[in-house]
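A.B. asks: Here is how the chains run, residue by residue.
There are 2 protein chains.
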Amino acid sequence: MKQIAEIFSQGEEIVCGQTVDSNAAWLSQQLVELGFTLKRHTAVGDNLQDLIALFTEIAERADCCICTGGLGPTIDDLTAEALSAASAQPLQFDAEAFAEIQHYYARRNRVMPEANRKQALLPQSAVRIDNAYGTAPGFALQFKRCWFVCLPGVPSEMKHMFTALVRRQLLQSFPLQPDCLVSLRSIGIGESAIQQSLDGIQLPAGVQLGFRAAPDEVQTKLLFPGDFPETDKQTCVAEVAERIGAYVFAIDGLHESQGDLLEVVAAAMSKSRYSLALMETASQGLLAAKCLGRDWLARVEINLDWGRNTGSLPVDPSAGDLQQIAGIWAEQLKAREQTDFALVQLYSGSAEDYLHKDKSIVLYNALATPSGVISTQLNAHGALKHKQNQAALLALDLLRRHLQNKCL
Amino acid sequence: MKQIAEIFSQGEEIVCGQTVDSNAAWLSQQLVELGFTLKRHTAVGDNLQDLIALFTEIAERADCCICTGGLGPTIDDLTAEALSAASAQPLQFDAEAFAEIQHYYARRNRVMPEANRKQALLPQSAVRIDNAYGTAPGFALQFKRCWFVCLPGVPSEMKHMFTALVRRQLLQSFPLQPDCLVSLRSIGIGESAIQQSLDGIQLPAGVQLGFRAAPDEVQTKLLFPGDFPETDKQTCVAEVAERIGAYVFAIDGLHESQGDLLEVVAAAMSKSRYSLALMETASQGLLAAKCLGRDWLARVEINLDWGRNTGSLPVDPSAGDLQQIAGIWAEQLKAREQTDFALVQLYSGSAEDYLHKDKSIVLYNALATPSGVISTQLNAHGALKHKQNQAALLALDLLRRHLQNKCL
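In order, the protein sequences belong to chains L and S. Numbering-wise (our numbering), the first sequence opens with residue 1 and increments by one. Numbering-wise (our numbering), the second sequence opens with residue 409 and increments by one.
Think of the hints as simulated: they come from the structure by calculation, not from any bench. If you're wondering where the values come from, they're calculated on a predicted model, not measured in any experiment. Fair warning: there could be bad hints in the mix.
Pairwise CB distance ranges, derived in the manner of DEER restraints [claimed, not checked]:
1) S:Pro583 with L:Glu263: 36 to 44 Å
2) L:Pro225 with S:Ala507: 56 to 64 Å
3) L:Gln196 with S:Ala507: 16 to 24 Å
4) S:Gln457 with L:Pro225: 18 to 26 Å
5) S:Arg536 with L:Asp358: 17 to 25 Å
6) L:Glu96 with S:Gln785: 32 to 40 Å
7) S:Lys410 with L:Pro225: 25 to 33 Å
8) L:Gln142 with S:Ser605: 44 to 52 Å
9) S:Ala514 with L:Lys159: 42 to 50 Å
10) S:Glu760 with L:Cys180: 36 to 44 Å
11) S:Ala507 with L:Lys2: 40 to 48 Å
12) S:Ser600 with L:Tyr105: 40 to 48 Å
13) L:Cys180 with S:Arg575: 39 to 47 Å
Quick reminder that beta carbons are idealized off the backbone N, C-alpha and C, glycines included.
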């Protein structure tokens, strides 16, 4: 039986949108890795009745809830008061917590404001969680079904307390068996096309299939139970990867993480000490910008209007087939810059097509390699920035396919 | 009586923490500005029973709920099914929605996968919300007390649909008295420095002051009650703007929105039919990439390692003061490209400094104008991508200051 966990965030700044709640995502990842089933995130503002109602709800349906925020010294910090009221146990002055808070101010040669005294009031059955980086101690308590862990909202304090104290305590208190998530990361193929390629596949019982479309890639996710046999897992992942094909650039969760498309390319380029010269048109510097800090990128040219302005490459692009021109330019660029690879990106479609979200452009990528030229012809569509990002990534993906020996 | 609103986000990637839910924050800000009282955010995963339970809860306690995610073509996209089950109304095939989805694929010369047919199934009473940027149509429906608005989870699609369609519809359906939010948008100055510059300022009663640090700018926010006198508002905003000074590049909420830094620059460049030549070093193509689709950008050079490789500009940069070199190069670039302006960005600091999040680099920007050269010397710090973005924006900001006649 899996343990159900929830995340709860307190604060008007979260509910009103001034702060993006990154604590919830971080804590969820930690709990998933520990083997909890995450069911819900909730955020409410600094209202005592709303807080009491929420704690009472969660106490009925979750085994564990990590709460952040509402532990500060001001009147709108209500977590301890609300949990005390919800669970019908009085607040109690914790002398050790108070000494810690006084100590915090003493170390900084500051006088403790009287308001901070409030932070030493904890519900009667609470176990204190010391905060080495701030004034707000955390605490944990059992209320009905749920073990509530209350931590400060300041991300650095919260993370430190979770890592140093809470994680171990959860592993001791709950019978956890972590799941294993495997992500097949792909580019150049959409979510529904991947689903079609997997049509009729027989996944072993207990394995869950899911998809996630991120701006730079589509992830096909396989969630295996913690006790799933390792060789069966490998076989299952291999079959899914085989079906999706050369679009898969990395698989996370089997061995060490390989990273995103750029990191996969960068690792291969650095390992072989390869160098690259690049000419961008459609992505207008975005691929170069993504490669900041990568020393295998030796030369970048940006051709803003390659139809009228051929830059330093002496070919008239209106004269022939675009794919062929891209290939010739790539070979010339490689020879001139004396790099291992040269990547040239051209496109057809007017400036109006590019700007218009309903119009496509056609990308012609050519890669000159030590063993000849390879090329792709692909469509990019959607809003301007989306086309631009696709143009940058699909050019880089041609290099990735060559480096991984996965050319179509 | 204020209208109660909630935000609901669907997706395992949110609940399990792979994605930080920035949609919830964005939507909350929009709803607060419209005059709603935000009470709660909730996120649950792709589980039909959990979704039904949540929709049923929200239907009892909120007047409006904006939902994101779960509208895609795959089997784990369950929003329409769950709302249909919760509100006991059948799913119905929407022929117009289906035609839109087919049209989306046809425009891209792609065959619609059969899976996408599912996206045209909407609960019986649903009002469709067309999605001009993707395949997933949104929809809205009344269920008990609550008006549910369901939008895709992809932020660009969601934001466009909210701005273009949902906002107006909410204003028509609810008795809202929006507050008036004025944002002073600045670059090159931090939140605490702005706060210092405003020290001791007397704001009229009822006006709330707040700050928001976004990646590309810092916003100083003044929230005026809906019935605040217009001239007093203008006076108050002018005083705050005066205090912050030339860092302010735009003020939103008084008249029409002027947009972000690039949009402010682009409007001025286009209006005067100016042209720009650009040489990037530290930002390595990021500024050019941001300027995609702007035809006043006439020429871009990227100097990957400007200390060793001076590109086509015949000056040895090790010979003198960097600010002076940037100025000389800018004049040469302007003369050679025959543009109205030329912007040259240099920097000092080793590759190691640039990569290290605790080390700074110094940026030297020079702008050659028809009336001579102006320049800035500024620090960039933080993680690699943060420094790169600052380098791109601070170079652009020099052009903005000249165009707005706000040079220091």
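A.B. asks: Would you pick out the hints that fail for this structure and give their numbers low to high?
C.D. replies: 1, 2, 6, 7, 12
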